[in-house]
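Q: Letter by letter, the chains look like this.
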Amino acid sequence: MLNASLNELSAALAQKKISSAELTKLFLDRTARLNAALNAFITVETGKSLAQAHAADERIAKGDAKPLTGIPVAHKDIFVAKGWRTTCGSKMLSNFVSPYDAHVVERFNAAGAVILGKTNMDEFAMGSSSETSFYGPVKNPWNQERVPGGSSGGSTAAVAARMAPAATGTDTGGSIRQPASLSGVSGLKPTYGLVSRYGMIAFASSLDQGGPIAKSAEDLALLLNVMAGFDARDSTSVERAAEDYRRELDRPLAGLRVAVPREHFGGGLAADVGKAIEAALAQLEKLGAKRVSISLPNSGLSVPAYYVIAPAEASSNLSRFDGVRYGHRAKEYRDLADMYFRTRAEGFGAEVRRRILIGTYVLSHGYYDAYYLKAQKIRRLIADDFVAAFKQCDVIVGPTAPTVAFEIGAKAADPVQMYLNDIYTIPANLAGLPAMSIPCGFGKDDLPVGLHIVGNYFSEARMLNLAHQYQKATDWHQREPGGIQR
Amino acid sequence: MPLSLQEVQRVAELARIGVSDAEAQTVLAQLNDIFELIARMQKVDTEGVEPMSHGQELKLRLREDIVTERDQRERFESVASNVEQGLYLVPKVIE
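Here the protein sequences come in this chain order: A and B. Note that our numbering numbers the first sequence so that position 381 is 381, with each residue one more than the last. Note that our numbering numbers the second sequence so that position 53 is 53, with each residue one more than the last.
Just so you know, the hints here were simulated from the structure itself, not pulled from any lab data. We put the beta carbon where it would ideally sit given N, CA and C, even for glycine. Careful: at least some of the hints might be erroneous.
[Stated by the list, open to error] Interface residues of chain B toward chain A, partial, derived using beta-carbon atoms under 8 angstroms:
| # | residue |
| --- | --- |
| 1 | Val-11 |
| 2 | Ala-12 |
| 3 | Ala-15 |
| 4 | Arg-16 |
| 5 | Ala-29 |
| 6 | Gln-30 |
| 7 | Ile-38 |
| 8 | Val-49 |
| 9 | Lys-59 |
| 10 | Ala-80 |
| 11 | Pro-91 |
[Unchecked claim] As a list, the in silico DSBU-like pairs of lysine-lysine whose alpha-carbon atoms are at most 35 angstroms apart:
| # | chain 1 | residue 1 | chain 2 | residue 2 |
| --- | --- | --- | --- | --- |
| 12 | A | Lys-91 | B | Lys-92 |
| 13 | B | Lys-43 | A | Lys-377 |
| 14 | A | Lys-331 | A | Lys-391 |
| 15 | A | Lys-444 | A | Lys-290 |
| 16 | A | Lys-25 | A | Lys-66 |
| 17 | A | Lys-391 | B | Lys-43 |
| 18 | A | Lys-377 | B | Lys-92 |
| 19 | A | Lys-331 | B | Lys-92 |
| 20 | B | Lys-59 | A | Lys-82 |
| 21 | B | Lys-92 | A | Lys-411 |
| 22 | A | Lys-17 | A | Lys-82 |
| 23 | A | Lys-472 | A | Lys-17 |
| 24 | A | Lys-331 | A | Lys-91 |
| 25 | A | Lys-391 | B | Lys-59 |
| 26 | A | Lys-82 | B | Lys-92 |
| 27 | B | Lys-43 | A | Lys-275 |
| 28 | A | Lys-377 | A | Lys-331 |
| 29 | A | Lys-66 | A | Lys-472 |
| 30 | A | Lys-391 | A | Lys-377 |
| 31 | A | Lys-472 | A | Lys-16 |
In isolation and in its complexed conformation, chain A is listed as follows:
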């Protein structure tokens, strides 16, 4: 059951081979055993999860089940869930029990899925290693001295260690795809606007997008069917007819034009990762895909532009944490201003404070044009590169991250080195394009490598098709970390 696909779990539940309560307990027990070592979950509430599981069992008995009914799903602790403590990895929200559900949580609840717990993450999703969490770093299940990637590292570690069959994540500059790559699982960031941001604690609103994390592309498609959908409460939610993201899974790849950006195979790419990516490209060609070479000439500017735009939006979004309406409030203060200063100094960790300062600076009087406006113009150039590229190809593939998982602490003191981890993932966020990462082999020290797939706007079904056909021909996605007790 631990290794079963969501379809297999759904069938087992329908055929009464296992109940949702038993299945939920199986994963809760495993989480209880492994979490002390991996720290993938911040909050687990056995009673709440089992109550949902029993309700799902009743629904199944009545013949009212949907594809995810009774299946436990872990939520990144950035999605608020009614009655659940929701911390966003921060001391600022350590006492915050949400009075409402995020749209994503509502949709999973309506589908009959069970909330398995809230997963650990970089504080306010600002990080690429899941080390900046107030609740301690997440460990990579493949090697516990390594980071799992971030910021959705709790979700990817949970799926990799088989503590959860599936999980949710969010991606502002690579926070679903980079940890999926470093943890050896599959993750998808949909087209901007496809998944509602309502109840997803805001980091950089023009970039933030929720998405699924699972063991396979087939599972991702099933999860996206539940997560995606119009929501009037998110002013950037896209109004589109519902799609079945599984519809193209079985389509052959013959004739699919797969493009490789020349810029993504430059100096910064580790040789072991490059080798695994080349092998994956050869496999795609064997499946009938046609390889074309493209150029994304401005992609090298994506990290600088991102580190203006994302902190600028974050400095505005995080101004709401003032100790008045919710969250941490300093114990001692002289006056109102002092209360704000102390509350925010105590409640935010070093990386969050740093990014708020960057954002405040680039938006401040006299610097707006030089930084913020300039970054928005670069953003346009990067998006235009993709518009030109998609005239020659159907999907763009390459490495998700420049290296395999690095050691915990290795980049913690050097923000710039940490930021450069997201060099291949950030362009899709800036352009608003859908992108995903799937396991495609192993590099140095037997650590997983991820293949990055970027599609045109709303082409998720086609990307999932490519990923599924690749996973039918390979077994990288079925490998699981050794050394973890069963």
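Assemble the complex: chain A is given as a structure, and chain B must be docked to it using the hints.
A: Just chain B now, with coordinates in the frame of chain A:
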């Protein structure tokens, strides 16, 4: 252009985040590294390029001007640190 310690203190003031002198020194060095990375943008000619503020070119939706929220004051105030008679309490602002 490297930042000065005074600028870090001024930005922290604007952001309402208390920063000690020692901390400001550490942050200064890190921010200057980050701004060196950001400075790569300045070499690019962006004359006439339309700024892109969002991942999707969306028009804001309009809706009927009617009440859609119900009163949930108690629920939302239940997570505040200091509330009295339905009001959020903060330190005295006007003497």
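Q: Now tell me if each hint is right for this structure.
A: A quick look at each hint next to the structure:
The restraint placing Val-11(B) at the interface with chain A holds, with a minimum CB-CB distance near 5 angstroms, inside the 8 angstroms limit. At its closest, the beta carbon of Ala-12(B) sits 6 angstroms from a beta carbon of chain A; the interface hint therefore holds under the 8 angstroms criterion. Using the Cβ-Cβ criterion of 8 angstroms, the hint placing Ala-15(B) at the interface with chain A is satisfied: the shortest such distance is roughly 4 angstroms. A least Cβ separation of about 4 angstroms between Arg-16(B) and chain A falls short of the 8 angstroms threshold, and the interface hint therefore holds.
Violation of the interface hint for Ala-29(B) is found here, the shortest Cβ-Cβ separation to chain A being roughly 10 angstroms, above the 8 angstroms cut-off. Annotation: interface hint on Gln-30(B) holds; nearest CB of chain A at approximately 6 angstroms, less than 8 angstroms. With a cut of 8 angstroms, the hint placing Ile-38(B) at the interface with chain A holds, because the nearest CB-to-CB distance is about 5 angstroms. The beta carbon of Val-49(B) comes within 4 angstroms of a beta carbon in chain A, closer than 8 angstroms, and the hint placing it at the interface holds.
The restraint placing Lys-59(B) at the interface with chain A is violated, with a minimum CB-CB distance near 10 angstroms, outside the 8 angstroms limit. The criterion of a C-beta within 8 angstroms of any C-beta in chain A is met by Ala-80(B), whose closest approach is roughly 5 angstroms, and the hint holds. A least Cβ separation of about 5 angstroms between Pro-91(B) and chain A falls short of the 8 angstroms threshold, and the interface hint therefore holds. Taken as a hint, the Lys-91(A) and Lys-92(B) pair is honoured in the structure, with Cα atoms around 26 angstroms apart against an allowance of 35 angstroms.
For the suggested pair Lys-43(B) and Lys-377(A), the alpha carbons sit about 13 angstroms apart, so the restraint of at most 35 angstroms is met. Annotation: proposed proximity of Lys-331(A) to Lys-391(A) is violated, straight-line Cα distance about 58 angstroms (limit 35 angstroms). For the given pair, Lys-444(A) sits about 29 angstroms from Lys-290(A) by alpha-carbon distance, which is consistent with the 35 angstroms threshold. A threshold of 35 angstroms between alpha carbons decides the hint, and for Lys-25(A) with Lys-66(A) the separation of about 20 angstroms falls inside it, so the pair holds.
Pair hint Lys-391(A) plus Lys-43(B) holds up; C-alpha atoms about 28 angstroms apart against a cutoff of 35 angstroms. Pair hint Lys-377(A) plus Lys-92(B) does not hold up; C-alpha atoms about 44 angstroms apart against a cutoff of 35 angstroms. Only pairs whose Cα atoms come within 35 angstroms are accepted, and Lys-331(A) paired with Lys-92(B) is accepted, the gap being roughly 16 angstroms. Between Lys-59(B) and Lys-82(A) the alpha-carbon distance is near 31 angstroms, which keeps this suggested pair within the 35 angstroms criterion.
Pair hint Lys-92(B) plus Lys-411(A) does not hold up; C-alpha atoms about 44 angstroms apart against a cutoff of 35 angstroms. For the proposed pair Lys-17(A) and Lys-82(A), the alpha carbon gap of about 31 angstroms is at most 35 angstroms, so the pair holds. Note on Lys-472(A) and Lys-17(A): the hinted pairing holds, with a Cα-Cα distance of about 26 angstroms set against a maximum of 35 angstroms. Distance restraint check for Lys-331(A) and Lys-91(A): the Cα-Cα separation of roughly 14 angstroms lies within the 35 angstroms cut-off, and the hinted pair is therefore satisfied.
Annotation: proposed proximity of Lys-391(A) to Lys-59(B) holds, straight-line Cα distance about 26 angstroms (limit 35 angstroms). At most 35 angstroms may separate the alpha-carbon atoms for a hinted pair to count; Lys-82(A) and Lys-92(B) meet this at roughly 33 angstroms. With a C-alpha separation of about 33 angstroms, the suggested pair Lys-43(B) and Lys-275(A) falls inside the 35 angstroms cut-off, and the hint holds. A distance of roughly 44 angstroms separates the Cα atoms of Lys-377(A) and Lys-331(A); the hinted pair therefore is violated under the 35 angstroms criterion.
Restraint check for Lys-66(A) and Lys-472(A): satisfied, since their Cα atoms lie roughly 25 angstroms apart, inside the 35 angstroms limit. For a cut-off of 35 angstroms, the pair hint linking Lys-391(A) to Lys-377(A) stands: about 22 angstroms separates their Cα positions. Distance restraint check for Lys-472(A) and Lys-16(A): the Cα-Cα separation of roughly 28 angstroms lies within the 35 angstroms cut-off, and the hinted pair is therefore satisfied.
Hint check: violations occur at hints 5, 9, 14, 18, 21, 28; the rest are consistent with the structure.
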